[in-house]
Each structure stands twice: as C-alpha cells, then as structure tokens.
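Chemist: First to last, the sequence lines map onto chains D and G.
Going by the working numbering, the first residue of the first sequence is number 1334, and it counts up by one from there.
Going by the working numbering, the first residue of the second sequence is number 118, and it counts up by one from there.
Please keep in mind that the hints were generated in silico from the structure rather than gathered at the bench.
Certain hints may be false.
As the list claims (entries may be wrong) - SDA-like, lysine to any residue: derived pairs with alpha carbons at most 25 angstroms apart:
#1 D:K1456 <-> G:S123
#2 D:K1455 <-> G:P122
#3 D:K1456 <-> D:K1484
Note that this is a predicted model, so its numbers are computed, not measured.
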Amino acid sequence: MAAETGTPTTLTLKSNDDELFSVAESAAILSVTIRNMVEDGCAGGVIPLDNVDGKTLASVITYMNGISAIPADEEKKKSYRDKFLSDKDFETLADMVLAANYLNMSCLMDAVSAKIAQVMEKKSVGWVRRKFGIENDYTPEEEAAVKEEHKWTFEGVETDDDN
Amino acid sequence: MSDVPSELAHEILRRLPAESLLRFRAVCKGWRRLIDSPSFIRTHAANQTSSTTLLIRNSIGTRFCSLTLDSLNFEDTDQTIDLTPVKALYRTGVPRAPVLPVASCNGLILNSHYDIDKTWVIWNPLTRQFHELPEFEGHSRLIGSGLGYDSVSDDYKVVRLDDHWGCRKTVRRTSIYGLKSDSWRVIENYPCDCIWPNQIVGVFLNGALHWLSRDSVIVLVLETGRYHKLPLPEPTGIAELFETHLDVLGGCLVVSYYYMITRLDGWVMKDYGVGDSWAKLFSFGELANIGAMGRLRPVAYFKNRGHVFLQHDDDFFWLDIANDSAKKVIVHGLPHNFTSQIVPGSLFRLDEKEEEDDDKEEQGRCKVD
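Next up, chain D with everything else stripped away, as it sits in the complex (with noise of 0.2 angstroms):
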C-alpha cells in the first residue's frame, strides 16, 4: 500500500503500562486501528493504545516487523505466524488475540484464534473455565446430564495439568 512513499515514517505507539515503541508506519498500518489514526491525521504524536500492556505489544510489533518483511507469499506469511506462534503459551495468547481484537488486524486474529483453538483441542472441560475464565453455571445434576449426551468425547482428553 504504502511502497512507494520515500523516506519510511516512524510511529511512536504507547501501551497501557506507559512503555513507548518505535515502529515503521508501513508495518505499523497493519492495525486497522491504526491506519484510520493516521488516514485521519491522529498519528503526529505519540499513538496511545489504551487496551495493550507493554509485553504484548512489544509482542504484536515483533510480528508487524516480521509479517511486514515477508513479500507476498501466502505460505511464506502463514509459516512465519506458526514459528511467531509456537512458543507462545495460553495466557500470552489471550492477550494477544484481545490485541489484535482491539487493534483490528484480522490476519493476526486469525492466527492467534487458530492457535487457541488448537491448544483447547484435546482439553478438559475444567481446564477451559479455568484459563477462560468461565464459572460454572450447571447444576451438578445438569452437568452429568450434558456430558452424559456426548460421553464418548471425553475419550482420550488430556489430564489437567496446566499448560
């Protein structure tokens, strides 16, 4: 989109937690969020991102920088997300799919959806309220008669310990 424009522009985001980064607008446009920031001419200062702590975006810059680096190759694009994504554990992931939610960059949304759903594959229902956060609002009675509908998939699910 932006090729051709000489010098490369500079962005200066800031995270919830007050940490500032410096990234190329070519990469940075990757937001959605952020292209309109700067269509809109909001971009002159310092960018707030008031919904990402420093961590993660220290995290969604590496993958702007990146992702941006690689030409137009779908499958050249779609390894460096799996790399960018394989070490990274449940928590991390969270936030980063809250970041890329709130940012508007579907193609990291995509992937980091695609990975959590990978990771829950095999789990357990309890690991799954527990990492989501979700309370439990069966009955004892109702509970038993859910998993009794399907029992056979919760063959083979991985114990529960964490991770």
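With the hints as your guide, set chain G onto chain D.
Modeler: Quick look at chain G alone, frame taken from chain D:
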C-alpha cells in the same frame, strides 16, 4: 492474565473440531447455547471445507475410526510414517454401515442400500444420530444418488435418479428429498444421454451434485433443481482407459483416469465450473512398491501444500506433486481391508427440529457484532 470475552470466544470456538465442541457444551450454559445454535452449526460446517479428518471403516462395517491427516509430519525423511492408534467412533444402533466412499456432505453421510434394504438413512457419524427417510414408492432401477446442502433454503437434500417402468416405456425420474419437509418430490427427468457406468454416487460441491457420465460431468443445482453439464478433461490414450472416477478433494472436482494397470492420472478443475481449467494434478506411474493401479485411490488433496494422499489396499501413500515423490505411510491400529473417505466432524443434529426462534435471535445478534 486476561479473561477472554464472549465475542472472542465465539471466534475461537468456530475453529475447533466438532468433537471438542460437543465436549465443551459442558463448560457453561452460554457455550452450550452457542454450540447448539443453528447459525453456529452452519458457520462451523462452512469452516470445515478444508477438513482433513479421514473416516475409516473396517471390512464388515462394525467399527469406524477417524484419523486427522493434518497432524501427520510428512517432512520426515523416513519412507514410513508411524501413527498412534486411531479413534474409534462406532457404537451399536447405527444402521448397517456402507462401504466408503459414499454420498456425503458437511460431515453427514447418506446410507443407502437400495437393493438390499429400502430404508435410506442420513447419518452423522460423530454425534451418532441418524434419520430414516420415508420409504420410496414404486418399482424402479436406481441410476444415481447423492446428498447435498442447499444454502438458500438451508436444507440438506437427498437426490435419487431412477428408471421407472411405466406402461410400455421407461421414465427417467429425478426425486429430491428435503430434510426439513421430510418428504420426497419428483422434479423432472434426468438428462437422457447420461450413462452412469458404475459410480452411482454423486459428489457434492458448491451447492450442486455431480455425477460422471461417459463424456461429461452431469451437474444438478440443488437450489433450482436444474441440470447442466461440465466437460471432462481429454484423456491421453483413450484406448487404454478402463475406468474413470469423480471425487471432490480439497474443495475441487478431481477426475481420476485409470489406464489399464499401468497408470493413474488425476485431473483437477482449478476454477469451479470453468471447463478450460482442468489441469493434470498428478500422474502415478508404475512403481516398484505398488501393485495394480485400479486399487489406488486419491482420498485427500492438500491444495496449499501440493500434496495428495492416496489409499492402496491397506496402505496409504503420500504424494508430493512438485517433487514427484511418494512416501508410504504406515498407520498402526487400522483394521484390515478398510475403506476410507474424508468426512469432517459435524455438529448437525438429526434428532430434533431446529428451533427457529433461537435461530433468528442468534443471527440478529451476530449481525450486530
């Protein structure tokens, strides 16, 4: 540490395999409502087109298991790939299970034993539910069958093509069964120049069923009930051609040409509906470790990676198209003389009528999002 809000949970859940989702109905009432809602089931089914779940049937149909091809590591330099035991799906109560491949659509299977048992059944192998179709009346010879999904009426449809013996002449009839109305209706004759040699089962793609005829692909669009034709690729050496097979693999129509015992050519229609877009996908020639080509069958096509997965008797072969190299894949725990087919897991419920009110509410909510 952040709790994931519900709209993002939705985004994640729709990417999970159906089996995990059936389990996660027990997480909380909200998740169960979401996972059971017709709109979520539709979204999920639409997401499963690139599924790599292989359904495997033992020789006598008493046991089914599944194998997810995605998890295999084919970068391995080994010529054999060892697999952990496959997962058993069978339980008693499922109607007599057909030899694969059969008519299937979005993870549902049409179980039709027209010459032995008149009852046709739509079966969801994952939820293990099945629905018996009303008996089909009249004496006829079955020419073709198929199962498909019409997204316009949001209905699963079963099609059968029959020759009916009336007084003095044979009538060629197309009958369509709709799951919502639970009834058959006759739409029209089927094209009279169709000769279906041995593959009576039509394959479903893009809202239409496809059957192989001698010189073309016969297409029945489920929404309109209208027929049209697509050309077949030109076989090379028509004299040696002894069998043709039509599949849907990797979201594309794939035609397999078997040339005596020496060669199997696979052709893919790259742009659906465009006759000029047939391209040679692979050519499997004589290989030391493969016997008769007639028993070799492509079962999966990974378009992005350029890989084809083929079954040959009790073995699998992994074909890397660009490098023209094939690897034998050893899977432990497989039954002997099995048959296989890609069938994604489906959440579709065959045991109850859809709750339309819930459905509308759900759709409305999703649009606001």
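Chemist: Now tell me, hint by hint, if it's right for this structure.
Modeler: Tested hints:
{"no.": "1", "hint": "D:K1456 <-> G:S123", "in the structure": "holds, 19 angstroms"}
{"no.": "2", "hint": "D:K1455 <-> G:P122", "in the structure": "holds, 21 angstroms"}
{"no.": "3", "hint": "D:K1456 <-> D:K1484", "in the structure": "holds, 15 angstroms"}
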